[in-house]
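2 protein chains.
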Amino acid sequence: MSTEMHPTRWGDPARASALPQTARDLVALVFPVADRMVADDAAVSLPPSVLTAEMLAELASVVGPDHVLTDERSRRLRAGGKSTPDLLRARSGDVSQPPGAVVRPQSHDEVQAVLEIASSHRVAVVPFGGGTSVVGGLAVRHEGYAGGISLDLGRMTRLLAVDPVSMTATLEPGLRGPDAEALLAEHGLTLGHYPQSFEYATVGGFAATRSSGQSSAGYGRFDAMVTGLVVATPAGPVELGRAPASAAGPDLRQLFLGSEGAFGVITAVTVRVRPAPETGVYEGWRWATFDAGADAMRRLAQAQLLPTVLRLSDESETALNLADPDAIGGGVAGESGEAGESGGGSLMVVGFEGTVESVATRRAAVTAVLADLGGEPVGEEPGRRWLAGRFDAPYLRDSLLDVGVLVETIETAAYWSGLRRTYDAVSAALLEALDGPALVLCHVSHVYETGASLYFTVAAADGPDPLGTWADARSAALDAIVDSGATITHHHGVGADHLPWLEDEVGAVGVEVLRAVKAALDPQGVLNPGVLIA
Amino acid sequence: MSTEMHPTRWGDPARASALPQTARDLVALVFPVADRMVADDAAVSLPPSVLTAEMLAELASVVGPDHVLTDERSRRLRAGGKSTPDLLRARSGDVSQPPGAVVRPQSHDEVQAVLEIASSHRVAVVPFGGGTSVVGGLAVRHEGYAGGISLDLGRMTRLLAVDPVSMTATLEPGLRGPDAEALLAEHGLTLGHYPQSFEYATVGGFAATRSSGQSSAGYGRFDAMVTGLVVATPAGPVELGRAPASAAGPDLRQLFLGSEGAFGVITAVTVRVRPAPETGVYEGWRWATFDAGADAMRRLAQAQLLPTVLRLSDESETALNLADPDAIGGGVAGESGEAGESGGGSLMVVGFEGTVESVATRRAAVTAVLADLGGEPVGEEPGRRWLAGRFDAPYLRDSLLDVGVLVETIETAAYWSGLRRTYDAVSAALLEALDGPALVLCHVSHVYETGASLYFTVAAADGPDPLGTWADARSAALDAIVDSGATITHHHGVGADHLPWLEDEVGAVGVEVLRAVKAALDPQGVLNPGVLIA
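Chains R and E, in that order, are what the protein sequence lines are. With our numbering, letter number 426 in the first sequence gets 1301, and the count goes up by one each step, no holes. With our numbering, letter number 403 in the second sequence gets 1278, and the count goes up by one each step, no holes.
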């Protein structure tokens, strides 16, 4: 697998695939399809770096001259994330917020030294892990600064410690999902964290954005796995997590989890690990309606009988998956409708991982509950299909963008009693804002005793101003989320894109608290300007 | 049950009991026993209030004149908490830090208004729930202030909302444990939070101190139950918790949980609730050693097979319990020794609550693991004894103080791999510091996948300077805790007593963050001076 993402597409170009003709025909039933051009790489020019030779030399004295990159390709690759607006801008040749240089430290101390240099010159610093942000967390906003750098953590990839008694491991922030799992596997351990961005996203990013993986029902959200953190800040280093739980005042770990590079740079993460599973079973259940399936999820969560993976597609997403079994990643392209020809309703994927014995026991208990609630078991094929394609949806997005279909996602979480209200409000807001042929699909992929996430996928004609179209739709959706009482983001983070809604989430005083923490840790305001804090 | 605590003793005077002669004889085997006098209530005089009539009138205009109490008894009852040093001072007639007035608001808005008045006059405000702090969290330190008030939340006792679908309930902060449970029981629900202080401690205090209850294995720590908070601060109100989980930046709920009244006054807490259990079974298991028992706890936690209650007494605590089956509360008084006549070793109490079916299933699974690891089941008698006496230890402490035995507790938590190191270090530090006939007992009562708590009970001769003796012992124990890598408190909180060690816990930068948050929320510094922030 390529270790770098393509500048205008997701992931590894070798794995990208053009839309098969059948899928293209299907898409053409709904949308006006037309091939879109992507700006020629050679024609893209970046604004020049404003960093002085003196600054670059100072940075090089810390990380070594080989690790201060100023070539156009390195800068372009770290000029943004992978939201659809990011891709649209990159496709049009707009790379307006690149770093002046890419700086690649190898240790906590080097990160700390870089932050001190950046603070002294008032140079903006954008921490960069896998480059997978979908909320505008990576643009290098350095207006009013003496330039900006991308602090690429890709050289900090060690497994620093394993404690097999306490079942914890300490990981460096630049470790990508697969590499972290490979290192842990040597000790018979797993983290069990599989967000859709798993193949590129990093441990530091998981922590900084409160990531949640597709196996969160069994392994928990990433923030729930973290027991300890080391963070470099302009005010000095911070080390937290002397015990699994503590009453020694506020839990400051929870202030750096979700801090998105605005408070400091996470340089080590200690996580709770689990034994690598002996086996895994993933199977499908069909529910008459999305509501019936969601209610079953709630009952499992409240009975504390959660499987390892638990997700539920609404009727539309289910219909699309069934209509096009070959669709990459599932749930993005296809034909709208209440029920596909294979039975309709709402498809649930239920997965169990662990020892053979624990999988059998838990599967039996969950099966009894689901059958009792009226679910229809549909075998392992839907589970296998989900497992095989679970990291592929972003490739499909590229293929759809290629033919003029705007695809993007938005996600939230709500308490169970408000879940349907939020679902309805967001669906309606998106359809109204898009005002034309559009599909809104939804699934629940993270459940708790008290509520669950909602993950919407939107497809619409790109039209003459796709950036404006999506900005309006996102804005309408976030307003609907806020009005319906839900959170502005369950696992994508705030970034710059959700920032206008943060005060709705935490209130004016909450925003003041974040500002005060920022001022204490980063007095020059060099860390990720425009992210999390306005 | 009395709703107010006695000024010099724990709890309800009607339930206090003198040490039975047999127990007294047993104690006399180890300690020089002599009846101690308690200062006559009538002889205790308080420093006069320095609050002006104008301030009192302003406060009365908010809460009503009946709810601004300035009588000596009301002030004395809110002059401190229930640590052994608090009791020793109260017994000696030293009530040097009482509030000038006790103010009893009835609503969030009244609390908010009181904070504004206090800020405008720079009057210290100490939030008061059940008065059960054992870390010096309640003394009204108002040197340099225009006086100090105790903000008694005892009138804020409503169940504000129940959401039986999401399984959450919103409680006012003044609700004591039993009252909260009684209100929830009307809906067939339970919180399942039973700290030793349960009968007096309040919901607001549970949240503000990150309390952990005796059923934490099954129901979780209090901070893990909280989904939402409303907080009144001098900077304005804060409302948090729009979803069970969120990636909308740092989790600010975790900044107010554990804030111990220094950042704001919690005026409503939304908690995850569970169905009231149909049944409960509590039984004993004997282990050859404390280490063997602790290892069994670790295996249960890491297999995610935790019962509802899981606690383990070390060999000394076990010996005492077995030597004196009638001891109130267990584990505080009696004869030292490695093994009692009833078998010795280390006693574990394992409890299951829930539906009949879930108790049976979980009990069978746990029993299989414990038997496989070499545990010896010793029936339900130890479980029944623990259940009957679980809130009584503080009464026994009073009885021992009466005969000249200094009794106090100290607690911590560590990762599993460091648990024995911390146990040894703290035991040795306490015995060395106490330098005379002394008992140090320990139990584990809160377990996690990655570690566990350690709760030490100390008994020693009070001697001529019991306050100095305990201050030295506590200091030595906390130094040992820090040196061994554990947390300075697992569930008692920081208060004023642990404050000198907070920088060891969170570092200099962590302390700066806390200061910055305090300055943003409480610019005049009126909230609980000397607690959490120096």
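In case anyone wonders, no lab produced these hints; they're calculated from the structure. Hints should not be assumed to be uniformly reliable.
Stated by the list, open to error - Taking CB as the label site, the calculated pair distances span: (1) ALA1243(R) with ASP1247(E): 41 to 51 Å; (2) GLU1018(E) with ARG1390(R): 45 to 55 Å; (3) ALA1394(E) with ASP1310(R): 10 to 20 Å; (4) GLU1061(E) with ASP1247(R): 24 to 34 Å; (5) GLU1153(E) with GLU1232(R): 25 to 35 Å; (6) ALA1240(E) with ALA1057(R): 46 to 56 Å.
As the list claims (entries may be wrong) - Pulled a few chain E residues facing chain R out of the computed Cβ check, cut under 8 Å: (7) THR927; (8) LEU963; (9) ARG964; (10) SER994; (11) GLU1378; (12) GLU1380.
To be verified - Residues from chain R shown here face chain E by an in silico Cβ test under 10 Å; the list is partial: (13) SER892; (14) GLN896; (15) THR897; (16) ARG899; (17) GLU1114; (18) VAL1231; (19) SER1233; (20) VAL1234; (21) VAL1322; (22) GLU1387; (23) GLY1405; (24) LEU1407.
Every residue, glycine too, gets a C-beta built ideally from N, C-alpha and C.
Structure-based check of each hint:
1. Checking the proposed 41 to 51 Å range against ALA1243(R) and ASP1247(E) shows it is violated: the Cβ atoms sit about 26 Å from each other.
2. Between GLU1018(E) and ARG1390(R) the beta carbons are some 31 Å apart, a value that contradicts the proposed interval 45 to 55 Å.
3. Roughly 48 Å separates the CB atoms of ALA1394(E) and ASP1310(R), a value that falls outside the hinted 10 to 20 Å.
4. Between GLU1061(E) and ASP1247(R), the C-beta spacing of about 28 Å keeps the proposed range 24 to 34 Å intact.
5. Distance hint check: the CB atoms of GLU1153(E) and GLU1232(R) are about 27 Å apart, consistent with the given range 25 to 35 Å.
6. Against the hinted window of 46 to 56 Å, the Cβ-Cβ separation of ALA1240(E) and ALA1057(R) comes to about 32 Å, which falls outside the hint.
7. Taking 8 Å as the C-beta contact cut-off toward chain R, the hint placing THR927(E) at the interface is violated, the least distance being around 29 Å.
8. Below 8 Å, beta-carbon pairs count as interface contacts, and LEU963(E) has none with chain R, the closest being about 23 Å; its hint is therefore violated.
9. The criterion of a C-beta within 8 Å of any C-beta in chain R is not met by ARG964(E), whose closest approach is roughly 23 Å, and the hint is violated.
10. The beta carbon of SER994(E) comes no nearer than 14 Å to any beta carbon in chain R, farther than 8 Å, and the hint placing it at the interface is violated.
11. The criterion of a C-beta within 8 Å of any C-beta in chain R is not met by GLU1378(E), whose closest approach is roughly 11 Å, and the hint is violated.
12. Interface hint status for GLU1380(E): upheld, as the beta-carbon distance to the closest one in chain R is roughly 5 Å, under 8 Å.
13. Hint status for SER892(R) relative to chain E: violated, with the closest Cβ pair at about 30 Å, above 10 Å.
14. A least Cβ separation of about 38 Å between GLN896(R) and chain E goes past the 10 Å threshold, and the interface hint is therefore violated.
15. The beta carbon of THR897(R) comes no nearer than 36 Å to any beta carbon in chain E, farther than 10 Å, and the hint placing it at the interface is violated.
16. Violation of the interface hint for ARG899(R) is found here, the shortest Cβ-Cβ separation to chain E being roughly 35 Å, above the 10 Å cut-off.
17. Because the closest C-beta pair between GLU1114(R) and chain E is about 6 Å apart, less than 10 Å, the hint holds.
18. At about 14 Å, the closest approach between the beta carbon of VAL1231(R) and any beta carbon in chain E exceeds 10 Å, and the interface hint on this residue is violated.
19. Hint status for SER1233(R) relative to chain E: holds, with the closest Cβ pair at about 8 Å, below 10 Å.
20. Hint on VAL1234(R) is violated. Least Cβ distance to chain E is approximately 13 Å, over the 10 Å limit.
21. Restraint check, VAL1322(R) versus chain E: the minimum CB separation of about 9 Å is within 10 Å; hint holds.
22. For GLU1387(R), the interface hint holds, since its Cβ comes within 10 Å of a Cβ in chain E; the closest pair sits about 5 Å apart.
23. Because the beta carbon of GLY1405(R) sits about 14 Å from the nearest beta carbon in chain E, more than 10 Å, this interface hint is broken.
24. Among the interface hints, the one on LEU1407(R) holds; its C-beta lies about 5 Å from the nearest C-beta in chain E, closer than the 10 Å criterion.
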